[in-house]
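Asker: Once you've looked at the hints, dock chain L against the given chain W.
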Amino acid sequence: MKRNARSASLILASAAVVALSATSCSPAADQGGTADGDQVTVTVRLWDEQVQAAYEKSFEQFESANEDINVETVIVPFANYTEKLRTDVSAGNVDDIFWVNSSTFGAYADSGNLLEIGSEFDSLKGDWVPAAIEQYTRDDVLWGVPQLTDGGIAMYYNKTMIEEAGVDLTDLSWHPTDPAQDTFLPAMQKLTVDAEGRTAEDPEFDASQIEQYGYNAALDLQAIYFNYIGSNGGTFQEDETFTFAGDKSVEAFQYVVDLINEHQVSPSAANTNDNGSFSRDQFLQGNMAVFQSGTYNLKNVSDGADFEWGIAPIPAGPEGRVSVVNNIIAAGNPDSENLEATTRVLQWMGSAEGASFIGAEGAALPAVVGAQDAYSEYWEAQGADPSQFALAAEGETIGAPVGANFNEAATAWTPIFNEIFLGRTPVGEGLQEAEDLANAVGE
Amino acid sequence: MNSTRLSRREAGIGYALLAPSLFGIVAFLIFPILVVIWLSLQRWDLLSPARFVGFENFSSVFSDASFARSMIVTLLFVALVIPLQTGLGLLAATLLTRGLPGSGFFRVIYVIPWISAPLALGIVWRWIFAPTDGALNEILGVNIEWLSSPALALPAVAVVSIWSQVGYVTLFFMAGLVAIPEQTVDAARIDGANSWQIFWRIKLPLLRPTMFFVLVTGVIASFQAFDTIYALTPGGGPQGTTEVIATKIYSEAFEAFNLGRASVMALVLFVVLVAITLLQQLYFRKRITYDLSA
Numbered sequence: 134m135k136r137n138a139r140s141a142s143l144i145l146a147s148a149a150v151v152a153l154s155a156t157s158c159s160p161a162a163d164q165g166g167t168a169d170g171d172q173v174t175v176t177v178r179l180w181d182e183q184v185q186a187a188y189e190k191s192f193e194q195f196e197s198a199n200e201d202i203n204v205e206t207v208i209v210p211f212a213n214y215t216e217k218l219r220t221d222v223s224a225g226n227v228d229d230i231f232w233v234n235s236s237t238f239g240a241y242a243d244s245g246n247l248l249e250i251g252s253e254f255d256s257l258k259g260d261w262v263p264a265a266i267e268q269y270t271r272d273d274v275l276w277g278v279p280q281l282t283d284g285g286i287a288m289y290y291n292k293t294m295i296e297e298a299g300v301d302l303t304d305l306s307w308h309p310t311d312p313a314q315d316t317f318l319p320a321m322q323k324l325t326v327d328a329e330g331r332t333a334e335d336p337e338f339d340a341s342q343i344e345q346y347g348y349n350a351a352l353d354l355q356a357i358y359f360n361y362i363g364s365n366g367g368t369f370q371e372d373e374t375f376t377f378a379g380d381k382s383v384e385a386f387q388y389v390v391d392l393i394n395e396h397q398v399s400p401s402a403a404n405t406n407d408n409g410s411f412s413r414d415q416f417l418q419g420n421m422a423v424f425q426s427g428t429y430n431l432k433n434v435s436d437g438a439d440f441e442w443g444i445a446p447i448p449a450g451p452e453g454r455v456s457v458v459n460n461i462i463a464a465g466n467p468d469s470e471n472l473e474a475t476t477r478v479l480q481w482m483g484s485a486e487g488a489s490f491i492g493a494e495g496a497a498l499p500a501v502v503g504a505q506d507a508y509s510e511y512w513e514a515q516g517a518d519p520s521q522f523a524l525a526a527e528g529e530t531i532g533a534p535v536g537a538n539f540n541e542a543a544t545a546w547t548p549i550f551n552e553i554f555l556g557r558t559p560v561g562e563g564l565q566e567a568e569d570l571a572n573a574v575g576e
Numbered sequence: 234m235n236s237t238r239l240s241r242r243e244a245g246i247g248y249a250l251l252a253p254s255l256f257g258i259v260a261f262l263i264f265p266i267l268v269v270i271w272l273s274l275q276r277w278d279l280l281s282p283a284r285f286v287g288f289e290n291f292s293s294v295f296s297d298a299s300f301a302r303s304m305i306v307t308l309l310f311v312a313l314v315i316p317l318q319t320g321l322g323l324l325a326a327t328l329l330t331r332g333l334p335g336s337g338f339f340r341v342i343y344v345i346p347w348i349s350a351p352l353a354l355g356i357v358w359r360w361i362f363a364p365t366d367g368a369l370n371e372i373l374g375v376n377i378e379w380l381s382s383p384a385l386a387l388p389a390v391a392v393v394s395i396w397s398q399v400g401y402v403t404l405f406f407m408a409g410l411v412a413i414p415e416q417t418v419d420a421a422r423i424d425g426a427n428s429w430q431i432f433w434r435i436k437l438p439l440l441r442p443t444m445f446f447v448l449v450t451g452v453i454a455s456f457q458a459f460d461t462i463y464a465l466t467p468g469g470g471p472q473g474t475t476e477v478i479a480t481k482i483y484s485e486a487f488e489a490f491n492l493g494r495a496s497v498m499a500l501v502l503f504v505v506l507v508a509i510t511l512l513q514q515l516y517f518r519k520r521i522t523y524d525l526s527a
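Which chain is which? The protein sequence lines are W and L, in order. Under my numbering, the first residue of the first sequence is numbered 134, with each subsequent residue one higher. Under my numbering, the first residue of the second sequence is numbered 234, with each subsequent residue one higher.
With the rest of the complex left out, here is chain W (with noise of 0.2 Å):
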């Protein structure tokens, strides 16, 4: 019996240490920059595979230029990029250069960890995108790099869809309390077909059998309801306080909630809240008329939509149409081994010249001014014509998320968002709560 013991005492000992190394494992890696020799090694770290293939000849380029510096990059999915940055930061194993969105930037920029973009590129800002260095201005402090900018939103629309349903894109208006002011609707209704071929706007339309849903309303903070917001005159957030509870704003949710579940002209929110893609693989198989989206799908749509597609502007709320502009900086570490290395890098990816090859094959676009015609170029070639979403970045926007807590706000929202898609909590009362829990992380 003592050995049973010893050997419970074992098992117990080993569960401990299973069950308490869940919160200290992290998925940290050796990461970061090297010297050899008289070469110095500098990492840059994004989640786009498409603008790594363009960054790696962008840095074949400064590489030949400069041979004192060897410039490698780091893909980690955008599925966990959040986390693993966080935890390499925080184990001082980041690289060199990293990607950072809005909704990240703020902690990084107020705890430290960020290189502050000062004057050795001055003669560079010029050249960048005013919305991205507003975007990323933090106390005063531009704290990154623009590569990305993600223009505005616009609609991909599979073209013989609608024709053949006779909808036209170009000029639809929503009203979240007025049916005689909402074209958008009734155009979303025709282009939703069941099983039987009957659109949404039959009344014998059997929505558990549909075949071609009209459109991609979901839980899409960027695609959908951000823009929702602003064009309903409502908003998300005021500096950082959230303000997602407000008339206006709950008014837009529920639009965008009743077209999943009460017309029934998108899919279920239980395919949508957790699978990013869902909707975007539906509009690729030919199963959805309208998708949308941002320029960082363009690639995505182009390369795989085998059917003639186009864009078309979002539709006008009763404040006219709102769009979200995004853009992604590429930050320095600061406690990088090689800084004056990092800082030259930077320095080469917010020059016209090291970020022409971001647009150059239609990746992204780039918010380097001056790279930009190549990204036109390259689209016009290929038929496309992306001037949608730059016309809806020039038009009204909406600020994009931004704060220290952005993060663990959202975990705090996120549960009840899903359920407010699911039409299992009302939209007002959900919003409230979400909005106080929201408001209350970090005090």
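These aren't lab readings, by the way, just hints derived from the structure by calculation. Hints are all accurate, no fakes.
Listed next, with one range per pair, are the computed distances between beta-carbon atoms:
1) W:G453 <-> L:E289: 46 to 52 Å
2) L:I356 <-> W:D339: 29 to 35 Å
3) W:V207 <-> L:M304: 34 to 40 Å
Since we're looking at a predicted model, the values are computed, not measured. Beta carbons: idealized from backbone N, C-alpha and C, even for Gly.
Answerer: Just chain L now, kept in the frame of chain W:
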């Protein structure tokens, strides 16, 4: 003097031989436990310096309804998984040790889910359970939201866990059944016992040590279940109905970046596991364990 010197020398050699495993225990067991205890008294978001907050994290966690809910979900999950996986494993082991045709093939089939990557299994099952174009709905000709329904999500997740663990349980029961001496079973048969009586009166009592091991490891694994559940229902599932304690700890640590609260939850899990394992040990110690080595 000589004997003292010898015993000191022997003790020195003993400690030297123990040193490697002692290092392992201290570095990978004691130290992490101490770190987690220390973290439970801090407020730390991984970026700013950790700040001592006393027992604030404990009071915050113990007054948090979502933590209480995750404990209840975990208990429900264990209550669903353990009886079924143990029963099915025992049934499969009994059938596989009868030497029926194809037993070898099924032994391999049963074990494949257990040796497969849990995260990959979760992704495959997520496709099977998908409401639109999911394999299960296509086969049944229905349109059920298996993983989004608060009533169905936990049973669905439990089914996947049972399916992936049955092979492991079967392996141990098979080893236990094979170790039962033939003559014991033959003697019972000569005395007139039928198959059912042999199973209940002979085999099951002799399987008690195996049962103890399978239950202890099964309960611990179910309390710590993470990867398959996370892959199937990220974010805690509908209305938190699949947010077991392990996914709650992960979410608190690496999504909300509150390492202090996550550490408190880990400590609670630790205490619960210790208590349950001791209770199991107490229960089984009172029962007779047959020594068949003679």
